[in-house]
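Engineer: Take the given structure of chain A and dock chain B to it, following the hints.
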Amino acid sequence: NAGVTQTPKFQVLKTGQSMTLQCAQDMNHEYMSWYRQDPGMGLRLIHYSVGAGITDQGEVPNGYNVSRSTTEDFPLRLLSAAPSQTSVYFCASSSHYDRLAYQPQHFGDGTRLSIL
Amino acid sequence: AQTVTQSQPEMSVQEAETVTLSCTYDTSENNYYLFWYKQPPSRQMILVIRQEAYKQQNATENRFSVNFQKAAKSFSLKISDSQLGDTAMYFCAFMKREKNYGQNFVFGPGTRLSVLP
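In the order they appear, the protein sequences are chains A and B.
In short: position in the first sequence from 1, add 17, done, that's my numbering.
If you count the second sequence from 1, position 44 lands on 31 in my numbering, and the numbers rise without skipping.
Isolated chain A, as found in the complex:
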């Protein structure tokens, strides 16, 4: 099925470890983004990309890196995991080929990440 695919669905890390959360979409969407969702809070934007080769920071970028080498993939890297990064992470994509139109975001199913 077309959509946004996130892997893994669950992950447990030790403090200081690094890992990459994968996100792929097959809808040829230009815009992709990463959010984290913490209890009692809405989704907060970590990083986003408006196209291949272009990335920018969101509201809470510290401790995370991203790259966008292809339109389809937008991985999120944790360089040195910290307990404060325990959260549920969502990847999303949307199209903005028509700048006068808006497009809702399509979300992946999320990755639950625990840092011990």
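Hints listed in this document are in silico derivations from the structure and should not be mistaken for laboratory results.
Check each hint, because a few of them may be wrong.
Stated by the list, open to error - Quick list of the computed label-pair ranges, beta carbon to beta carbon:
#1 A:THR32 with B:THR47: 47 to 53 Å
#2 A:SER86 with B:PRO27: 29 to 35 Å
#3 A:GLU76 with B:SER67: 33 to 39 Å
#4 A:GLY57 with B:PRO27: 32 to 38 Å
#5 B:ASN45 with A:SER35: 45 to 51 Å
#6 B:ASN45 with A:GLY70: 38 to 44 Å
#7 B:SER29 with A:GLN39: 39 to 45 Å
#8 B:TYR41 with A:ALA99: 17 to 23 Å
#9 A:GLY80 with B:ALA3: 45 to 51 Å
#10 A:ASN45 with B:ALA3: 40 to 46 Å
#11 A:VAL29 with B:ASN17: 26 to 32 Å
#12 B:GLN70 with A:GLN74: 37 to 43 Å
#13 A:GLY80 with B:SER(-1): 33 to 39 Å
Glycine included, each C-beta is placed from N, C-alpha and C at the ideal position.
Structural biologist: Only chain B this time, still in chain A's reference frame:
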């Protein structure tokens, strides 16, 4: 910076009845979009309804409708004939266009809705 407030952390409604979830936002922008997303226990984020700020007519999608009051910066969601499957977290979201074709989504903290049999 934009902010989105949902003042009702939790709500409940009897099956088949109507419930209204509130959302207010703060922005200096004139051209923006508003959304309601639903997140059931499966954690998937599902778009429920959307509204363009330049449209005065309130959006409607089957049992879901909004009351958009631009001057008051209010965007409430009404669910009619509530069903058990409506049980979920509901997030209000604000989006404005960025200069570089980027999008700036800001989400509220969510309202947990329980539909009771």
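Engineer: Compare the structure with the hints numbered earlier in the document and write down the numbers of the violated ones, lowest to highest.
Structural biologist: Hints 4, 7, 8, 11 contradicted; others consistent.
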